Structures are given as C-alpha cells and as structure tokens.
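Peer 1: Heads up: the sequence lines are chains A and B, in that order. In terms of UniProt numbering, the first sequence opens at residue 1 and continues consecutively. In terms of UniProt numbering, the second sequence opens at residue 1 and continues consecutively.
If you are wondering where the hints come from, they were derived from the structure by calculation, not from laboratory data. These numbers come from a predicted model, not from an experiment. Check each hint, because a few of them may be wrong.
Taking lysine-lysine and the PhoX-like style, the derived pairs with C-alpha atoms no more than 25 Å apart in a straight line are [claimed, not checked]:
#1 28(A) - 310(B)
#2 171(B) - 28(A)
#3 156(B) - 28(A)
#4 140(B) - 109(A)
#5 200(A) - 36(A)
#6 187(A) - 228(A)
#7 286(B) - 5(B)
Here chain B is said to cover these stretches of chain A; the calculated rule only asks that three of the stretch's residues, wherever they fall, bring their Cβ under 8 Å from a Cβ of chain B [unchecked claim]:
#8 91-99
#9 102-116
In this text, a Cβ means the ideal position worked out from N, Cα and C, and glycines have one as well.
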Amino acid sequence: MNEQQIDEKITLEQVRIMELVHHRTLEKFTAGPAVKRTRLFFLLLPYLNGEYWSSETEASSKTVSIVQAALDAHEHVEENGAANLEQQLTVLAGDYYSGVYYQVLARLKNIDLVRQLSSAIAEISENKASLYESLPWRPTDIEIAVGEIEAGLIRTFYEFYSYGSYERLAIRALSLLRYESELELLKSGGRSPLLNVLAKATGSMLTAEQWLHEKVNTLYSEVVHLAKQQPLQKELESFLLNRVLPHRKMEQLIREG
Amino acid sequence: MEKVKLRILYSDLRPELEIIEKELEQAVQSSSHLLNDASLHLLQAGGKRIRPVFVLLAAKFGDYDAATVRNVAVPLELIHMASLVHDDVIDDSEVRRGEPTVKAQWNNRVAMYTGDFMFARALEHAAAVRNPVLHEVLAKAIIEVCRGEIIQIEDKSQLDQNLRSYLRRIKRKTALLISSSCELGGLAAGADPATVAHLRRFGYFIGMSFQIIDDVLDFTASDAELGKPAGSDFLQGNITLPILFARDDEKLQALLQRTLGEELTDRQRLDVVEEVRESAGIRRSKELSDRYLQKALRELAALPDIPSKKALRDLAFFIGKRKF
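Whole structure, please, built from the sequences with the hints as guidance.
Peer 2: Below, the structure written as structure tokens:
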C-alpha cells in the first residue's frame, strides 16, 4: 500500500464514521465528531500493515473511533463555562455518540467488545478524573495515565483482535502527540490539568517544560525504533514519520544538524 | 408521605432491591477517589429506582431468574443516573434532590467524567446478558433519550410550540426508557412476545404519565419537596405541558412572554409559579396524564393475573397521583 492509498483508506474510514454518527442539529451547533486522522492511522495500522482484517474487524474498528469521538466531545465542555447552546449540545453529542457505538456493536452481536470497550472507557474516565485529584503524583504515574487516556481504546481493540504487537508503538506515538500539544499549550501561556500535575510532580512549570521536552525526544526515538522493529512496511513507516509525526521529525533533523 | 407510600409499594421487592442497591454501589466503585465520591454521592442521594422496579415486576411475567434480571435492572438505573449528571451540566443546576450536583461540587468536566464512567459501568454490567436483542432495545432507548434531550434544547423558550412537539419530546426523553425497562424485564425472563408487547406499551403510557406529572409538580410542589427551586423548568426555558395549556389564558400568556428567558428574582419566579398553579394548565395536564394512566391500565388488563400485575397497577396509580 503506497502513501496515497493509506491516505485514501483513512479518508474513507473518516467519512464512514461521520455517516454513522450524523445528526443534523449536532453538526449545526457543535464542532461535530472529532475523528482524528492520526488516531485512525493507528487504529487501522494492522490492516495497513497487511494483517488479517475481517469484515467484522472493519465494522468494529469504527466503533472505537465513535467512542473516541464521544470522549473527545466531553473534553470540549468547559470546566466552569455557562450553559450556552453549543456547550449543552456538546454534552449531548458525546452521549449520542456513545449510544451509537453501543447500537452498532449490539447489531453486530459483538457484546464481548462492548464489555471490553466499556471497561476501557471507565478506566480512561478514572484517569482523566484523577488529574483533578491531589495525589502524590510521580512522573511515571503520569506517563501511565497519559498512555491510558490517549491509547486505551486502541489498545483494547488491538488486544481484542490479537494485534497486541502494535500496542507499544501506538501508546508511545499517541502519548508523544499529547505531550507535544501540552508543550505547545504551556509555551503559549496556557494551563491544563495535566500540566498542573506535571508541575507538581517535577517541582515547577519550568521543570515540567523540561520534562516534556525530554519526553517527546525520547518517545520519538522509541517510535522510530519500534516502527523498524515491528516491522512496518516501508511506506507505512514513511507515512508515520512524514505525515503522522512530521513536526517531530523536523526537530530531530535540526537537532542532528 | 410519598416516600412511605413508595416503601409500602416496594415492600415485596425489598430483598431484591437491596441486592440491586449493593450492585449499584459495587458497579460505581472506582480507583479514582473523586469518581468514587461523585458516583456514591449521586447514588446515596436516593431516587425512586422506578426503572429497576419496573424491570423486576415485568420479569415476573416470564421465567424469573434473579441474576439475569439484575443484569438488566442495574444498568438501566446507572444509565439514568449518568444522564442526570450530564443533565445538570446542561441545565447549569446547582442542586438535585436537595444536594449539590456533581458539577456544583466539583466542575463540569468532572461531571462529564462521572457520567461517562457510570455509563461505561452500566454497559459493562449489561454485557453479562448474552441476548443481543436486549442490547438492541437498550441501545435504541439510549439514543432516543439523547434525541429527546436534543429536541428539548431545540424547542427551548419557544412558547408557540404545539402539543405534538411536547409529547414527542417527553416520549423520547422519559417514556422510552421506562417502556424499555418493562420490555427488557419481560425479555430477560423470556416472556412471550405478546406479553412483552403489552409490558412495553404499559411502560410507555406510564412513562408519559410520569413525565407529565413531573412537569406539573415543577409548579405545584414546594422548593423543599422538589429539592430544587419550583419552576426550574420554566426558568431554564423548558416549555412543559402546564405552560402549553396555561397560555390559552391571555393574561397569563402575557406574563409568560414577559418572563420567559429572563433572569428572575425569587419573588418573580414564585409569582409565575403561583399564576401557573392557579391556571387551568395544571388541571388539564393532570387530565391528560390520567388518560395515559388509563391506557396503561388497559395494557395491564391484558396480562395474566399474577401478583406482579397488582404491583404494577399500584405503581401506576402512585406515579399518576404522586405529590412529588
């Protein structure tokens, strides 16, 4: 599969998921479902790399994206914002997508995956909520929480369909992308629950920034190594490094002179 | 008094309801102290538990297997509770059942996580049931509840909406989950299709009656009885049945138009509540609720004469006549 075909498969997947969760009012008044191409890339990774992929796997993979869209919608609800129309419908969008994912799996009679994904959603919610708690956070705890929040659903899907060998790569890469966005936020003067616990765990916002820098560099090297070790097909590896993580690659090249 | 009545109504189900209560507590146990506190806080604030009760009673019309029935009853209550946590964010509510809401005690985001967590635990629990038909019924009900909530937001502050819109909204928002509780109870116990259909329709009519009475109580009950300010629905711009009927009175319509969507003082709020309470809107709403109640009783009449039938009848009357 060349890069264009990979791109087309991701686009097709994106379109089909959007069709499944289509709702006129939600689309009119909210940001709509966040079906990120990066996540789709990792979700489809075993297929793109030539692994056995049945029609059932294909259908189930879409529900993972729908659940992710549900959880992401609720991330757009402001902590203390007033109840305006967009915010109200954003709450309901998340709930609606959750209903759709359940309905799709119920129709597929895949109740075992309902159980596994539900378990992952509960764990992700626990990890997200824990960022609001006064816990004796250590950086390693934060890494585990971030890995679960960012890749918990994909990990569950991989385990369910015996694609466990892709797990580490997805967790590292998706964590890397999260740390990058937190770093950007921090540099622009923003704050988030994750940045707050990182500052507590490392001592200050300044040390949190250093920690994030180091972490993204380490994770990038790890991802490059894991992509080779997997091994990923050449085009896929290239797609990963040039399209999914292009910014990091540029930084690496600059650093290496 | 109402709580005593409910306790009496539930007395035969007490052992089973106590197990359900324990399972609900177990289901929301979390490694996150925050989620644990938030979920338990909600659970312990009480509630009528009418959905689990309908499941239990409906299941008596088939081969009652306690464990299977609980695997349906517990998720339904958890799904209902999850929707309440999210509703409080939507409505910006500070108080529910006399207690601070999750969003008031923590924040909107924590309320989102709490609802998502409870919903996930509900489905985890439900997954113990292997019959895919039950899951399709439950999934459909969940989606319809969301659609109902979305329509409610679309219809907000539109005083010129018609009765059909209101009925369509409460059907999805409330009646379908109660209808599904009865249907799922029957399905979980393997009741025959005709019985399941009667149970489903009974639940639907009772659900309609329940929501209409809920909307009436928003005006007729006191702040203390409601555990929130009377007239909250109106304050949030929700046009409920008493308002739809009350607007036929020109003087009252002018008051409603003047106050709808405005920030009202407590005095102004109570004035609106008082005017609606005195209007024909309350009587006419109760009449419509009664018609649904009668329809529900007709469905019940077609079911076999077992003790559960009387319990469902008593519960239907309680719902139709409750004071808060």
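Peer 1: Give a verdict on every hint.
Peer 2: Here is how each hint holds up against the structure:
1. 28(A) - 310(B): Not satisfied, since the Cα-Cα distance of roughly 48 Å exceeds 25 Å.
2. 171(B) - 28(A): Distance of about 24 Å is within 25 Å: holds.
3. 156(B) - 28(A): With Cα atoms ~16 Å apart, residue 156(B) and residue 28(A) stay inside 25 Å; holds.
4. 140(B) - 109(A): holds, 14 Å
5. 200(A) - 36(A): Violated, because 30 Å separates the two Cα atoms, which is more than 25 Å.
6. 187(A) - 228(A): violated, 32 Å
7. 286(B) - 5(B): Holds, because 20 Å separates the two Cα atoms, which is no more than 25 Å.
8. 91-99: Answer holds; 7 residues pass the 8 Å Cβ test.
9. 102-116: Since 10 is at least three, the answer is holds.
Hint compliance for this structure: hints 1, 5, 6 are broken, all remaining hints hold.
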